[in-house]
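Peer 1: What follows is the residue order along each chain.
Number of protein chains: 2
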Amino acid sequence: MRSVIISVGDELLRGEITNSNASYICQQLRKIGLNIQKVITVGDDLTAISELVKAEIKNNDLVLVTGGLGPTADDVTLTAVAAGTNSRLQTSMEQWKHIQTIFQQRQIQLRPENKRQAQYLGQPVPNTNGLALGSWLDNQHSVVIVLPGPPVELQAMIDLEVSPRLKDYFHLQQSLLAQSLHFLGRPESLLMTDLAPVCHDFPQFSVTSYVKPTDITIRVVSKDEHANPQMMDKLCAQIIAKEQPYYLGSGDHFDLATTVVKLLKQRGNKITAAESLTGGMFQSTICSVPGASNVFDGGFVTYAASAKEKLIGVPVDVVDQNGVVSAQTAAAMAEGCRRKMNVEVGLGFTGVAGPDALEGHPAGTVWLGMSRAGHPTQTKQLRLPSNYSRQQIRQLAVQYGLQMVYTALQK
Amino acid sequence: MRSVIISVGDELLRGEITNSNASYICQQLRKIGLNIQKVITVGDDLTAISELVKAEIKNNDLVLVTGGLGPTADDVTLTAVAAGTNSRLQTSMEQWKHIQTIFQQRQIQLRPENKRQAQYLGQPVPNTNGLALGSWLDNQHSVVIVLPGPPVELQAMIDLEVSPRLKDYFHLQQSLLAQSLHFLGRPESLLMTDLAPVCHDFPQFSVTSYVKPTDITIRVVSKDEHANPQMMDKLCAQIIAKEQPYYLGSGDHFDLATTVVKLLKQRGNKITAAESLTGGMFQSTICSVPGASNVFDGGFVTYAASAKEKLIGVPVDVVDQNGVVSAQTAAAMAEGCRRKMNVEVGLGFTGVAGPDALEGHPAGTVWLGMSRAGHPTQTKQLRLPSNYSRQQIRQLAVQYGLQMVYTALQK
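Keeping their order, the protein sequence lines are chains A and B.
Quick note: the first sequence, position 299, residue 299 per the UniProt record's numbering, numbers continuous.
Quick note: the second sequence, position 362, residue 362 per the UniProt record's numbering, numbers continuous.
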């Protein structure tokens with residue numbers, strides 16, 4: 001079968017955002033064995049969209065159109081698809097009521113144009129994260145699907161509505177096997193060199209690596225739909241065994257903070273932190289996990305040396321004698337915050353986020369400290385590339401902090 | 001003039017990487033007044049690429065093809081473009097010698113297929129960051145440009161070679177005028193309805209909106225290169241005046257935290273915060289700005305009610321009588337942290353990040369408190385959409401907190 005994505009949006013053609021929706025759709029539909037042959041991006045232009053849809057439905061079994069379903073005048077996608085497919089716009093009174101309720105709740109004045117988000121073609125596709133309905137239109141020889149552009153809305157609709165329906169509709173029997181494995185602390189090139197002999201023994205699978213902001217992801221995918229799931233599991237197990245010290249976890253939606261919160265909860269432990277270069281990002285990452293309140297009461301951002309002393313009692317001497325960017329300061333921060341909050345695990349983050357050097361240490365120099373009830377305090381130095389951005393350095397410091405807790409709690 | 005980008009690569013259609021090259025090209029060429037009308041992504045497929053090129057050169061003045069210029073068998077772009085344009089592959093002996101030298105230096109064995117990276121069509125385009133030559137081909141009525149896929153190579157070639165040559169070739173006199181204006185606190189549809197009469201008076205400009213995670217961006221762009229910069233300024237000033245209470249700032253790289261840090265520094269003020277639902281994200285956002293240490297010593301994450309009392313002295317009574325999610329608690333948090341850190345500005349964040357409701361308040365209910373030296377404490381309630389994700393709600397709470405400080409400091 002042949003499938004095409006049509007991405008609509010002037011902001012895409014102005015280069016203001018990258019087309020992450022197209023990547024997401026390609027990735028997710030690939031899992032049900034449906035490959036996209038072409039992605040076409042066009043602007044919010046009624047004629048351009050309708051002509052494109054008209055042309056593409058002739059050559060494709062699936063035409064998936066995204067973006068341009070907002071309530072404003074430049075959102076013309078649905079009208080354009082209606083013209084291109086010769087079909088009629090319909091309005092869901094149920095959705096219109098829902099939009100009215102939402103506006104009432106938020107105490108915002110409703111305008112007539114808001115009703116446009118209750119329109120659809122063919123059958124409506126529910127949108128749990130937003131107001132604009134999606135559309136599923138059987139159009140003689142092809143299916144045309146229209147989805148809104150905001151990623152949080154689109155992704156949920158792909159996962160909950162579109163993927164399952166496409167699987168049924170096109171009788172997609174078997175999908176490719178795919179698994180994502182996440183690692184931290186070993187450079188990509190060394191990781192792949194280590195793994196070359198392992199991969200060589202499993203020619204039915206492709207093994208590729210991607211550098212992500214907070215880990216290196218190894219993606220294992222079967223080359224066709226005849227691959228054996230047990231062989232896949234065996235290959236993944238061998239990869240994990242080979243790189244055990246760096247392994248974080250597996251899965252497309254893997255999140256290290258979620259794993260750490262779960263481990264803490266299982267052990268009935270609570271965590272706190274004193275953060276300097278990360279400025280609260282570690283605690284914010286812990287709080288991004290629903291149910292974080294089970295394992296986290298609160299903590300400290302101790303950016304200035306004075307705050308380190310005042311809030312968590314880091315002795316001035318420790319900082320004076322060793323410097324702010326030191327194992328001793330990181331350890332004293334970890335111990336100080338843990339003592340103050342009276343919990344089982346305390347972390348200290350200190351280092352140079354950049355762009356400038358500090359105390360003679362280049363940007364990317366980070367010390368982590370971990371204090372645990374009944375254990376000696378640990379410290380760890382990171383030497384992150386100094387050409388990394390301030391954000392990258394801070395984000396990686398947080399991730400290494402999570403890894404430190406993860407490794408300790410697993411033992 | 002009409003221009004199209006053809007992006008080549010199976011990895012794009014598998015969704016393994018996003019098409020950041022297309023965004024970069026759109027962004028950079030827009031600066032010289034050249035707009036892209038369409039981006040088409042196809043796989044490493046000889047027939048698909050050559051047919052696409054053949055079709056697109058008929059309707060476009062510029063066809064820019066990227067990716068698939070590597071030395072391996074699946075890199076077929078140059079052969080495909082040659083077929084699609086009916087032109088002959090040539091080999092640069094100079095580049096071939098260069099490739100041989102590089103391989104000798106790196107002590108890697110040279111293969112015959114490496115010679116393919118010295119091939120080009122029309123005229124070669126130098127590649128300072130890689131081995132594959134680019135191509136510039138005058139093809140009767142259109143120009144066809146072929147560039148390699150690795151971003152570091154492509155970006156340098158666009159900036160150093162392609163942009164300047166296109167400017168000459170198409171006699172691009174003047175670039176389009178463009179400005180981004182950022183707003184927060186008024187829904188997109190109301191904003192655009194408000195602005196309709198203003199925009200009506202400036203028909204030479206297009207005014208579009210899009211919803212970003214932390215603001216609504218209004219983009220003003222001249223419709224052609226004949227627009228008057230003074231008219232542009234006048235239009236922007238009118239838009240800002242109309243929506244003053246919601247206006248945050250302007251520019252493509254605008255960042256509200258940077259503005260707030262600058263304002264605080266100008267006034268010699270320091271800031272702190274006590275964060276509940278945001279869990280440290282506000283302070284982390286302040287610390288994302290280089291030089292934040294001028295205005296921020298540290299602060300508190302007070303997730304549990306016990307931490308609110310213990311760390312910043314929020315009276316138990318206040319929480320008991322009014323609830324955690326209340327104006328009174330937000331105010332007491334703001335006052336408590338400001339007193340504790342002894343600084344000029346203190347913020348309190350409390351609310352429901354979701355997914356579950358809290359104390360009968362739906363997710364998205366947020367109270368902000370702001371305590372300032374010499375001013376009465378202010379509070380503000382947000383009613384963010386309850387279908388927003390936990391992250392969206394927390395991120396918006398931070399942004400509204402920044403806006404609260406920004407508005408106060410501007411007066």
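To be clear, the hints were calculated from the coordinates, so they are not data collected in a lab.
A couple of the hints might just be wrong.
Because identical chains share one entry, a pair is satisfied inside a single copy or across any pair of copies.
As the list claims (entries may be wrong) - Below, simulated DSS-like cross-link-like pairs (lysine-lysine); rule was C-alpha separation at most 30 Å, straight line:
| # | residue 1 | residue 2 |
| --- | --- | --- |
| 1 | 212 | 115 |
| 2 | 38 | 212 |
| 3 | 31 | 115 |
| 4 | 340 | 310 |
| 5 | 265 | 54 |
| 6 | 340 | 270 |
| 7 | 270 | 38 |
| 8 | 212 | 265 |
| 9 | 38 | 54 |
| 10 | 167 | 242 |
| 11 | 270 | 310 |
| 12 | 340 | 54 |
| 13 | 38 | 262 |
| 14 | 38 | 58 |
| 15 | 167 | 380 |
| 16 | 31 | 380 |
| 17 | 411 | 223 |
| 18 | 97 | 212 |
| 19 | 115 | 242 |
| 20 | 97 | 31 |
| 21 | 38 | 411 |
| 22 | 97 | 265 |
| 23 | 58 | 411 |
Peer 1: Are the hints correct? Go through all of them and say.
Peer 2: Hints, verified against the model:
In this assembly of identical chains, the alpha carbons of residue 212 and residue 115 lie at most 30 Å apart only when taken from different copies (22 Å versus 40 Å within one copy). For the homomeric pair residue 38 and residue 212, the shortest alpha-carbon distances inside one copy (23 Å) and between copies (27 Å) are both at most 30 Å. For the identical chains of this complex, residue 31 and residue 115 are neighbours neither inside a copy (35 Å) nor across copies (37 Å), given an alpha-carbon limit of 30 Å. In this homomeric assembly, residue 340 and residue 310 come within 30 Å of each other (Cα to Cα) both inside a single copy, at 11 Å, and across copies, at 9 Å.
Taking the shortest alpha-carbon separations for residue 265 and residue 54, neither the intra-copy value of 55 Å nor the inter-copy value of 57 Å comes in at or below 30 Å. With identical chains, the CA atoms of residue 340 and residue 270 are at most 30 Å apart both within one copy (13 Å) and between copies (24 Å). For the homomeric pair residue 270 and residue 38, neither the shortest alpha-carbon distance inside one copy (48 Å) nor that between copies (53 Å) is at most 30 Å. Taking the shortest Cα distances, residue 212 and residue 265 sit within 30 Å of each other inside one copy (27 Å), while across copies they are farther apart (35 Å).
Proximity of residue 38 and residue 54 under a CA criterion of 30 Å is satisfied in both settings, with 15 Å inside one chain copy and 16 Å between copies. For a Cα distance limit of 30 Å, the shortest separation of residue 167 from residue 242 qualifies neither inside one copy, at 36 Å, nor across copies, at 50 Å. In the homo-oligomer, the alpha carbons of residue 270 and residue 310 lie at most 30 Å apart both inside one protomer (23 Å) and across protomers (16 Å), since each shortest distance falls under that limit. Taking the closest pair of Cα atoms, residue 340 and residue 54 never come within 30 Å of each other, the shortest separation being 67 Å inside a single copy and 66 Å across copies.
Proximity of residue 38 to residue 262 under the C-alpha cut-off of 30 Å is found in neither arrangement, the shortest distances being 40 Å within a copy and 46 Å between copies. Taking identical chains as interchangeable, the C-alpha atoms of residue 38 and residue 58 lie at most 30 Å apart whether they share a chain (14 Å) or sit on different chains (19 Å). In the homo-oligomer, the alpha carbons of residue 167 and residue 380 never lie at most 30 Å apart, since the shortest distance is 48 Å inside one protomer and 47 Å across protomers. With identical chains, the CA atoms of residue 31 and residue 380 are never at most 30 Å apart, being 39 Å at best within one copy and 45 Å at best between copies.
In this homomeric assembly, residue 411 and residue 223 never come within 30 Å of each other (Cα to Cα): the closest approach is 36 Å inside a single copy and 63 Å across copies. Taking the shortest alpha-carbon separations for residue 97 and residue 212, only the inter-copy value of 26 Å comes in at or below 30 Å, while the best intra-copy value is 42 Å. Proximity of residue 115 and residue 242 under a CA criterion of 30 Å is satisfied inter-copy only: 25 Å between copies versus 57 Å inside one chain copy. Neither within a single protomer nor between protomers do residue 97 and residue 31 lie at most 30 Å apart by alpha-carbon distance, with minima of 36 Å and 44 Å respectively.
For the identical chains of this complex, residue 38 and residue 411 are neighbours neither inside a copy (45 Å) nor across copies (53 Å), given an alpha-carbon limit of 30 Å. In this homomeric assembly, residue 97 and residue 265 never come within 30 Å of each other (Cα to Cα): the closest approach is 42 Å inside a single copy and 48 Å across copies. Proximity of residue 58 and residue 411 under a CA criterion of 30 Å is satisfied in neither setting, with 58 Å inside one chain copy and 60 Å between copies.
Hints 3, 5, 7, 10, 12, 13, 15, 16, 17, 20, 21, 22, 23 from the list above are not met by this structure, while the remaining hints are.
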